[in-house]
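Its first residue numbered 1, the sequence shown is counted upward by one per residue in the numbering used here.
Treat the hints as calculated values from the structure; they're not laboratory data.
Mixed in with the good hints, there may be bad ones.
Computed Cβ-Cβ distance ranges for the label pairs, DEER-style [what the hints assert, rightly or not]:
no., residue 1, residue 2, range
1, 45, 152, 32 to 42 Å
2, 193, 56, 46 to 56 Å
3, 253, 57, 19 to 29 Å
4, 194, 261, 44 to 54 Å
5, 244, 159, 21 to 31 Å
Each computed DSS-like pair below joins lysine-lysine, with the alpha-carbon atoms no more than 25 Å apart [to be verified]:
no., residue 1, residue 2
6, 296, 286
7, 299, 256
8, 256, 245
9, 296, 267
10, 245, 296
11, 267, 247
12, 286, 299
13, 256, 296
14, 256, 286
15, 247, 296
16, 286, 245
17, 299, 247
18, 267, 286
19, 245, 267
20, 247, 286
Just so we're clear, the structure is a prediction, and the values are computed from it rather than from any experiment.
All residues carry an ideal CB built from backbone N, CA and C; glycine is no exception.
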Amino acid sequence: MKLFFKIHRKTATLYKQCIWLFLLPLGLYAQVTNIPDPNFEQALIDLGIDSDGMINGQVLTSDIENVVTLDVNHRFIEDLTGLEDFSALELLDVSGNILYLLDVSENILLKELYFNSQSPGFSMLMTSLDFSSNVNLEIVEAANVIFLENLNLKNGANSILTISLPCQFEGEPCELTELQCITVDDEVAANNNELPYSRWYFAANFIYSEDCSLGTNDINEKLFSIYPNPVNEVLVLNGTKNIDKLKTHIYSTEGKLLNTQHIDFNKQTTINVSNLSSGIYFLSIKDERGNTTIKKFVKE
Numbered sequence: 001m002k003l004f005f006k007i008h009r010k011t012a013t014l015y016k017q018c019i020w021l022f023l024l025p026l027g028l029y030a031q032v033t034n035i036p037d038p039n040f041e042q043a044l045i046d047l048g049i050d051s052d053g054m055i056n057g058q059v060l061t062s063d064i065e066n067v068v069t070l071d072v073n074h075r076f077i078e079d080l081t082g083l084e085d086f087s088a089l090e091l092l093d094v095s096g097n098i099l100y101l102l103d104v105s106e107n108i109l110l111k112e113l114y115f116n117s118q119s120p121g122f123s124m125l126m127t128s129l130d131f132s133s134n135v136n137l138e139i140v141e142a143a144n145v146i147f148l149e150n151l152n153l154k155n156g157a158n159s160i161l162t163i164s165l166p167c168q169f170e171g172e173p174c175e176l177t178e179l180q181c182i183t184v185d186d187e188v189a190a191n192n193n194e195l196p197y198s199r200w201y202f203a204a205n206f207i208y209s210e211d212c213s214l215g216t217n218d219i220n221e222k223l224f225s226i227y228p229n230p231v232n233e234v235l236v237l238n239g240t241k242n243i244d245k246l247k248t249h250i251y252s253t254e255g256k257l258l259n260t261q262h263i264d265f266n267k268q269t270t271i272n273v274s275n276l277s278s279g280i281y282f283l284s285i286k287d288e289r290g291n292t293t294i295k296k297f298v299k300e
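Work out the full structure, taking the sequences as your base and the hints as a guide.
This is the structure we're talking about:
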């Protein structure tokens, strides 16, 4: 009898060990999602989403795949890699971060998107936005996306009920001068200001088209251009005719004012930037009519 129980205990122990050895690889090879931006991962930790609580460049996919609402505004995030695995996401707020790219093409359940940039400070630096995969998208709010050139809202569903892309600089209205054409499902309805297009607002001079790749024939005349870019010492301003007085400001990417000049455009068409350190800067040009143009340039 004692021998029986002894053998039974050994068998039970071996069974438990086998189960543990079987489960161990599953734990070791649990699916993870790369989160290369430490500020993004810290935000996920602070929100109680990243369960390991460590900045290690990754998060368990199981931690994020059922997240419905993600608010990571003003967290100094520059890279949202990993967002693609938030497969249940319906509301996203990434306002006030320093983003060159916003890709929500894999977040097909997304309904609300907020990525406002407050002035001064130029945090939304992307030039292209594509929402063609977001068939459930209903609300888009994005202030001061001043370098936006391409905007695709053609998702086959006409689902976007409200979209607002205003622009304000130093308390005054400005214009998204690079945005000339917006891709939509029905250009006739859009240009006739029918619903839902009548509820859309863009601080830009643009047209709606079902295919913006065909070109816009320079619809939106640029008030100013600058060259060379990148620049080493001197920026040259090239502007339209009949402009005399200008006021220029140079800002860092954090919105810090570095230089202010009052320029008589009939006598001066250059700005010396030789004293700036290498990096990215923004030049605000305001003419005597109150028109403001903002240009990004790289100092070598």
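Status of the hints after comparison with the structure:
Here the CB-CB span from residue 45 to residue 152 is close to 33 Å, well matched to the stated 32 to 42 Å. Distance hint check: the CB atoms of residue 193 and residue 56 are about 51 Å apart, consistent with the given range 46 to 56 Å. Roughly 24 Å separates the CB atoms of residue 253 and residue 57, a value that falls within the hinted 19 to 29 Å. Roughly 46 Å separates the CB atoms of residue 194 and residue 261, a value that falls within the hinted 44 to 54 Å.
The supplied range of 21 to 31 Å is broken by residue 244 and residue 159, whose beta-carbon atoms lie about 47 Å from each other. Distance hint between residue 296 and residue 286 is fulfilled; the C-alpha atoms sit about 15 Å from each other, no more than 25 Å. Pair hint residue 299 plus residue 256 holds up; C-alpha atoms about 16 Å apart against a cutoff of 25 Å. Between residue 256 and residue 245 the CA atoms are separated by roughly 24 Å; this keeps the pair inside 25 Å, and the hint holds.
The suggested pairing of residue 296 with residue 267 holds, with an alpha-carbon distance near 24 Å, which does not exceed 25 Å. Between residue 245 and residue 296 the alpha-carbon distance is near 21 Å, which keeps this suggested pair within the 25 Å criterion. At roughly 14 Å between alpha-carbon atoms, residue 267 and residue 247 fall within 25 Å of each other, so this suggested pair holds. With a C-alpha separation of about 21 Å, the suggested pair residue 286 and residue 299 falls inside the 25 Å cut-off, and the hint holds.
Distance hint between residue 256 and residue 296 is fulfilled; the C-alpha atoms sit about 14 Å from each other, no more than 25 Å. Distance restraint check for residue 256 and residue 286: the Cα-Cα separation of roughly 18 Å lies within the 25 Å cut-off, and the hinted pair is therefore satisfied. Proximity of residue 247 to residue 296 is assessed by CA-CA distance (about 16 Å); at most 25 Å being required, the pair is judged to hold. Between residue 286 and residue 245 the CA atoms are separated by roughly 9 Å; this keeps the pair inside 25 Å, and the hint holds.
Between residue 299 and residue 247 the alpha-carbon distance is near 20 Å, which keeps this suggested pair within the 25 Å criterion. Taking the CA atoms of residue 267 and residue 286, the gap is near 17 Å; set against the 25 Å cutoff, the hint holds. As the CA atoms of residue 245 and residue 267 are separated by approximately 10 Å, the hinted pair is consistent with the 25 Å bound. For the hint pairing residue 247 with residue 286, the CA-to-CA distance comes to about 5 Å; that is within 25 Å, so the pair holds.
In this structure, the one hint that does not hold is number 5.
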